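Working from the sequences, and respecting the hints, build out all of it.
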Amino acid sequence: MKFEKPVAVTDIAALIGAELVGNSQLLATGINEIHKVTPGDISFVDFEKYYNASLNSAATIIIINKKVDVPEGKALLVLDDPFSAYVSLVKKFRPFEPASKSISDTAVIGEGTIIQPNVFIGNHVKVGRNCIIHPNVTIYDHCVIGDNVIIHAGTVLGADAFYFKKRAEREVIYDKLESCGRVIIEDYVEIGAGCTIDKGVSGDTIIGQGTKLDNMIHIGHGTVVGRNCLIAAQVGIAGKAKIEDNVILWGQVGVNKDLTIGKGAVVLAQSGVPSSLEGGKVYFGYPAEDARAKRKEIAWIKRIPEIWEKVKDLGK
Amino acid sequence: MKFEKPVAVTDIAALIGAELVGNSQLLATGINEIHKVTPGDISFVDFEKYYNASLNSAATIIIINKKVDVPEGKALLVLDDPFSAYVSLVKKFRPFEPASKSISDTAVIGEGTIIQPNVFIGNHVKVGRNCIIHPNVTIYDHCVIGDNVIIHAGTVLGADAFYFKKRAEREVIYDKLESCGRVIIEDYVEIGAGCTIDKGVSGDTIIGQGTKLDNMIHIGHGTVVGRNCLIAAQVGIAGKAKIEDNVILWGQVGVNKDLTIGKGAVVLAQSGVPSSLEGGKVYFGYPAEDARAKRKEIAWIKRIPEIWEKVKDLGK
Amino acid sequence: MKFEKPVAVTDIAALIGAELVGNSQLLATGINEIHKVTPGDISFVDFEKYYNASLNSAATIIIINKKVDVPEGKALLVLDDPFSAYVSLVKKFRPFEPASKSISDTAVIGEGTIIQPNVFIGNHVKVGRNCIIHPNVTIYDHCVIGDNVIIHAGTVLGADAFYFKKRAEREVIYDKLESCGRVIIEDYVEIGAGCTIDKGVSGDTIIGQGTKLDNMIHIGHGTVVGRNCLIAAQVGIAGKAKIEDNVILWGQVGVNKDLTIGKGAVVLAQSGVPSSLEGGKVYFGYPAEDARAKRKEIAWIKRIPEIWEKVKDLGK
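Top line first, the protein sequences correspond to chains A, B and C. Residue 315, in numbering that gives the first Met the number 0, is where the first sequence stops; the numbers in between run on with no holes. Residue 315, in numbering that gives the first Met the number 0, is where the second sequence stops; the numbers in between run on with no holes. Residue 315, in numbering that gives the first Met the number 0, is where the third sequence stops; the numbers in between run on with no holes.
Everything labelled a hint here was simulated from the structure, so no lab data went into it. It should be emphasised that the depicted structure is a prediction, and the values quoted were computed from it without experimental measurement. Any given hint could be a false lead.
Each pair may be met inside one copy or between any two copies, as identical chains are not told apart.
Cross-link-like lysine-lysine pairs, in silico, BS3-like; alpha carbons within 30 Å at most [stated by the list, open to error]:
no., residue 1, residue 2
1, Lys165, Lys73
2, Lys293, Lys309
3, Lys280, Lys1
4, Lys311, Lys295
5, Lys301, Lys241
6, Lys262, Lys175
What follows is the structure in structure tokens.
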């Protein structure tokens with residue numbers, strides 16, 4: 000996320016009680032987890048093995064748990080628990096604002112858009128023109144919805160990322176990484192009933208123009224779905240996946256995090272996608288492979304008894 | 000769907016700007032996509048390979064993109080884009096009516112029925128007697144619910160069919176087929192929490208008397224589920240499937256569109272059903288097959304290393 | 000469930016019209032199905048093969064369809080249809096209380112807890128301190144929620160158990176076992192959007208302290224999830240399962256009823272768990288097995304054509 004206006008790094012240091020090392024004149028323009036950093040961002044690192052990646056990333060200000068050499072022009076904020084410091088900054092700059100009504104006064108709703116009863120629209124939400132938002136939909140704070148979008152009943156946009164740091168030494172071991180990303184729904188998207196699309200941890204979860212989702216689809220934090228995709232019911236896509244344009248996922252497909260499904264790929268029903276897939280092909284099964292090869296594999300399995308008989312005969 | 004009263008075919012031609020060929024005295028009594036047509040219906044066809052099927056169907060009035068020979072007693076409405084003309088008729092005769100309140104004044108609720116808070120009941124909905132509709136349920140316009148039905152919280156009845164025409168030449172390639180069918184829930188049905196049952200494209204999605212659905216079940220457009228079926232949590236059934244009486248589907252089963260599962264069939268958990276299944280048997284796996292045969296197959300797979308050892312020995 | 004105050008067994012007998020055999024001085028302190036009985040409980044049995052289990056259980060008062068020898072200190076309530084008698088007691092002592100408003104006056108909400116708009120909170124619900132209940136959540140009567148709990152939008156806690164008795168001789172063959180159990184959510188639990196957690200038939204469904212659930216997870220009646228578990232999106236767990244502490248279930252996993260997943264077990268995405276799993280191991284596939292063994296199995300399947308070639312060569 001980006002701040003509304005830049006904040007002096009000295010103010011950030013004071014807020015989280017960190018020792019400032021390096022360029023103390025810097026202005027922070029946003030806050031992002033490591034996968035989403037851009038220049039001006041504050042990020043954090045708390046494992047030594049990720050120090051280099053973090054120090055060499057686009058991030059300008061790094062919250063870190065060891066005083067190391069500062070890269071040229073950057074600043075370190077040194078303290079014991081960078082994760083908690085990062086979370087406290089998220090809470091400070093993107094605080095949870097409890098709602099006083101079902102449709103926030105700070106939400107902007109475009110002309111020609113119909114909001115059905117029992118819908119919740121949170122703070123700072125933007126909904127475009129000529130949309131239909133069906134009953135009992137929930138749109139969390141900061142979501143952005145384009146023009147000519149249809150969202151069916153019961154769908155939830157912008158719930159928190161499912162992202163925790165393990166603290167094995169504590170009684171409650173999972174420590175929540177507060178999310179400050181958004182959900183962005185582009186023009187002409189239709190989302191079925193009972194879907195859930197989570198906000199990004201610090202970046203955006205995006206559903207591209209013209210993409211159509213059936214019912215009960217789950218899309219994890221920071222996943223980017225391209226244009227003109229077709230996603231059938233009960234598909235689940237984990238966080239930070241990239242689904243390129245014109246992809247078709249049939250019913251109950253599961254897609255792992257941090258991977259890419261290439262343009263125009265088709266994944267048949269109930270398949271599981273553990274790693275990236277090239278575009279332009281049809282896939283099936285777990286792990287999802289070329290559908291024809293997979294069908295042959297199924298046929299081969301049925302021939303095992305015949306092979307065994309042949310082997311027994313040869314043994315005689 | 001059927002019209003409230005018949006409409007002259009000449010009026011239909013004028014509405015959509017089509018050339019009328021054939022019997023101009025006809026009255027249209029309804030509008031249906033090709034799989035659901037009955038006499039009196041208007042239907043449409045836009046692929047030459049489906050012309051014969053459409054012209055020989057029960058449909059009385061066919062919207063078509065070529066002037067062909069008219070079957071005896073029928074009428075053709077000729078224009079360039081039959082799909083868009085059909086959609087415009089659906090919008091005309093079954094317009095979306097935005098709600099002004101959570102429970103429409105045109106809804107009819109039977110005696111003894113309890114509607115819990117935060118429920119949405121749309122226009123022209125009928126709910127029978129002695130039902131319980133739990134909180135945050137959404138019932139779209141025109142749904143029909145019998146007596147002694149229980150619907151648990153968060154369930155959505157009557158969202159739009161997931162049905163699009165591909166227009167590869169456009170920027171937004173999926174063109175929505177507007178649905179005008181209904182959802183019909185018969186007596187003594189219980190539907191769990193968080194289910195979604197879509198309306199038919201032009202016919203009805205039906206859940207038969209005494210059938211019980213667990214939570215988070217998706218049922219696609221136009222699917223007909225028989226009486227006394229048992230469907231466990233997270234099952235997904237695609238559009239236009241026929242599930243006969245006394246079928247049992249266990250958890251997370253996926254069922255393809257346009258197929259029949261015969262009376263009394265049992266499909267074990269997580270199975271996938273790509274094509275029709277005979278009644279009275281137990282099925283398992285993907286593709287769902289006789290459960291005992293499938294278990295044997297799993298056992299054979301475990302024997303492959305043993306077979307290989309034997310083959311290696313023979314080779315020596 | 001336990002009664003608010005003990006009830007004379009003679010009153011119970013009169014209520015259900017049963018013949019009382021055995022100790023007529025007893026006080027009933029609760030009502031439970033056979034898997035959950037404790038001393039003082041009323042339970043029921045209607046199959047001769049379960050008579051011994053029921054008579055020798057902790058239950059003090061047994062509703063039964065045959066006059067048999069009464070165990071020392073117990074009482075039998077004899078009538079033709081014990082199931083219906085049991086259900087009538089549930090309805091008497093835990094009646095459905097229709098709501099007159101979205102948040103019941105009998106609900107107790109702790110300090111610092113934020114309830115967002117469009118939430119339903121039923122009668123006798125307890126919500127602890129510093130919780131956030133997001134929009135369109137439904138919490139049925141009698142649920143108990145601890146401190147520092149987050150529940151995301153559209154989630155449903157406490158819907159009825161999916162539990163029916165088959166009455167093959169009737170037109171509507173599935174007869175509902177009314178549930179009187181509860182859902183208990185312990186401290187520091189986070190539940191994602193669109194989840195459904197059913198109440199127990201007579202005992203409690205429990206989510207243990209610090210456990211984190213992603214979106215669209217279904218948890219069946221009476222299931223007990225331990226502390227610090229991590230459950231990814233679209234997982235389904237059937238009724239009366241026991242998930243021990245620190246278990247991780249990845250996306251779309253399905254878990255059967257009446258089993259135990261041992262402490263610290265990890266079940267990889269899309270796996271199916273038909274029976275109990277030992278703790279401390281990683282599992283995969285259907286049926287879920289040691290993940291490394293399963294991966295080898297997948298590799299062996301790919302070698303079948305090679306084995307077949309070798310067999311053919313040997314045959315020459």
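Results for each hint:
Proximity of Lys165 and Lys73 under a CA criterion of 30 Å is satisfied intra-copy only: 29 Å inside one chain copy versus 51 Å between copies. Taking identical chains as interchangeable, the C-alpha atoms of Lys293 and Lys309 lie at most 30 Å apart whether they share a chain (24 Å) or sit on different chains (22 Å). With identical chains, the CA atoms of Lys280 and Lys1 are never at most 30 Å apart, being 38 Å at best within one copy and 42 Å at best between copies. When the C-alpha separation of Lys311 and Lys295 is checked against a cutoff of 30 Å, the pair qualifies both within a copy, at 24 Å, and between copies, at 18 Å.
Within a single copy, Lys301 and Lys241 get their C-alpha atoms only as close as 36 Å, which misses the 30 Å cut-off; across copies the closest is 29 Å, which meets it. Proximity of Lys262 to Lys175 under the C-alpha cut-off of 30 Å is restricted to the inter-copy arrangement: shortest distance 22 Å between copies versus 34 Å within a copy.
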